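Undergrad: Chains A and B are the protein sequences, given in the same order.
Residue numbers for the first sequence follow the numbering used here, beginning at 10 and rising by one.
Residue numbers for the second sequence follow the numbering used here, beginning at 88 and rising by one.
Be aware that a few hints might be false.
Among chain A residues calculated to face chain B with C-beta under 10 Å, some are [unchecked claim]:
(1) Val19
(2) Leu24
(3) Asn25
(4) Asp32
(5) Glu43
(6) Gly46
(7) Glu66
(8) Asp69
(9) Met70
(10) Glu72
Simulated DEER-style distance windows between Cβ atoms [claimed, not checked]:
(11) B:Asp106 - A:Glu72: 51 to 57 Å
(12) A:Asp71 - B:Arg264: 26 to 32 Å
(13) B:Phe245 - A:Pro75: 46 to 52 Å
(14) B:Cys283 - A:Pro75: 44 to 50 Å
(15) B:Val279 - A:Glu72: 34 to 40 Å
(16) A:Asp71 - B:Glu145: 43 to 49 Å
(17) B:Ser181 - A:Pro75: 39 to 45 Å
(18) B:Ala114 - A:Glu66: 55 to 61 Å
(19) A:Glu66 - B:Asp320: 53 to 59 Å
(20) A:Glu89 - B:Ser107: 51 to 57 Å
(21) A:Asp71 - B:Gly174: 50 to 56 Å
(22) B:Phe245 - A:Met70: 42 to 48 Å
Cut-off 27 Å, straight-line C-alpha distance, at most; resulting in silico cross-link-like pairs (DSSO-like, lysine-lysine) [claimed, not checked]:
(23) A:Lys13 - A:Lys68
(24) A:Lys61 - B:Lys149
(25) B:Lys399 - B:Lys422
(26) B:Lys171 - B:Lys160
(27) A:Lys61 - B:Lys195
(28) B:Lys149 - A:Lys13
(29) B:Lys149 - A:Lys15
No wet-lab data here; the hints were simulated from the structure.
Since the model is a prediction, treat every value here as computed from it, not as a measurement.
In this text, a Cβ means the ideal position worked out from N, Cα and C, and glycines have one as well.
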Amino acid sequence: MEIKEKLKQVLIEDLNLEDVTPDEIGNDEPLFGEGLGLDSLDAVELVVVVQKHFGVEIKDMDEGRPALQSINTLAAFIEEKSNG
Amino acid sequence: MRMAIQSIGISGGFGQGVDSLQRALVAGEVEPQTGEVERNGTVDSFPCYRAAIDGLDEFFPKRALRRIDHYSKMTLYGASLALKEAGLLEADRSRMGVIIATGYGALKTTFDFLDSYLDFGYSCSSPTHFSNSVHNAAAAHVSMQFKATAPSLTVTQFEMSVASALLTARHWLAEGRVDQVLFGATDEYCDVLRYCRKRFFCDGEQGPMAPFNFERQSAVVGEGAAFFILTRDEQQASYGYIDAVTLGNHVASPLELPADDFVIAGADGHRDCGQWYAETIGSLPASAYSPLYGSFPAAAGFDLAVAALTLKEGCYFTVPDNAGSTTTPEEAPAKISCLKFGPGGDYGLIRLSR
Chain A
10 MEIKEKLKQV LIEDLNLEDV TPDEIGNDEP LFGEGLGLDS LDAVELVVVV
60 QKHFGVEIKD MDEGRPALQS INTLAAFIEE KSNG
Chain B
88 MRMAIQSIGI SGGFGQGVDS LQRALVAGEV EPQTGEVERN GTVDSFPCYR
138 AAIDGLDEFF PKRALRRIDH YSKMTLYGAS LALKEAGLLE ADRSRMGVII
188 ATGYGALKTT FDFLDSYLDF GYSCSSPTHF SNSVHNAAAA HVSMQFKATA
238 PSLTVTQFEM SVASALLTAR HWLAEGRVDQ VLFGATDEYC DVLRYCRKRF
288 FCDGEQGPMA PFNFERQSAV VGEGAAFFIL TRDEQQASYG YIDAVTLGNH
338 VASPLELPAD DFVIAGADGH RDCGQWYAET IGSLPASAYS PLYGSFPAAA
388 GFDLAVAALT LKEGCYFTVP DNAGSTTTPE EAPAKISCLK FGPGGDYGLI
438 RLSR
């Protein structure tokens, strides 16, 4: 499964977003605030989700902030770290 | 000081709401569901009484519940039903305390968190699972969601949890710290619990439940939430009053039950507790209602709900007992003692009246 699709799937499952389907999450849609509506507690959970499902560690806020903007930025971060 | 029972909210293996409980009491039986746990390629099937939480959407949007586990959802649902029945869903709840009695707490989430820690290590342990796994999580969710800003507490003392928590509720009301207490008794089933109970009790978990057969293990696992609005205001006593709550140990100081009370025994098919009920109840009119909701520590709260409903309706509900030893009172009881024993002779006695 492509990283973006898998990301959407695990986001919905691990963050219990029962009112959203993978198709409804846009690749460029902001994950926090106005977009998908995630909050700061989800950010902590997301760090765990990325490490658990993709084996990629988000070490600090400097790395996390740009990576956690959208599905596209998070997928790019995972790809970069996986290949690096 | 006696506590008036203003309303009840309840969800268990018999269904949701006081009406469902009353229907089960009138029918006299509830067929257990079939639980299944797959382990090492084999399927373990067993009877159980599980509580549904389908109606929770009526009170909260799904998004507000997404970080909340089954245990806390069950708790929230029971609390919602109690507040709805009392007409307090829109009320100012700044002087309403919250007390939850539970024997096990958030059992499934606790084990899920431990599993994630063991499987993936510290850095991959879910913070949400952790926050939901602490015993006070459900009480905190109830207080936050309902803006009940008076004290909030969880009491855990296994079979004695309900009686022990009621003592605290009475203190809060007597001290004037709160005007009302949103009091709940909640326990949940999880697969680890099934594993443990099967190891301890083997076929004794297969039912059917026979609470007055004190020689045989016949417990069937259950879960659910029973909530009450308790108040000092005697005008609000829709379901009668809790007159007294006593905790003790029958071995150290033998219990003598009030002679004019109808006894609701918390007997739930656990042979280890059977002798204490046999010794204390004797020939008093008594019944046990555990075959309607199963065996779990917080079921003492369900016994309390049955007692309150009995007083409100002014009638006596018959539950067929497989041992055939239930004694029927001659008329609708005006005073009821809810008696719960633990295996070591510890007891909780809750006395109610109309």
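Undergrad: Of the hints stated earlier, which fail here?
TA: As far as the earlier hints go, 1, 4, 5, 8, 9, 10, 12 are violated by this structure, in ascending order.
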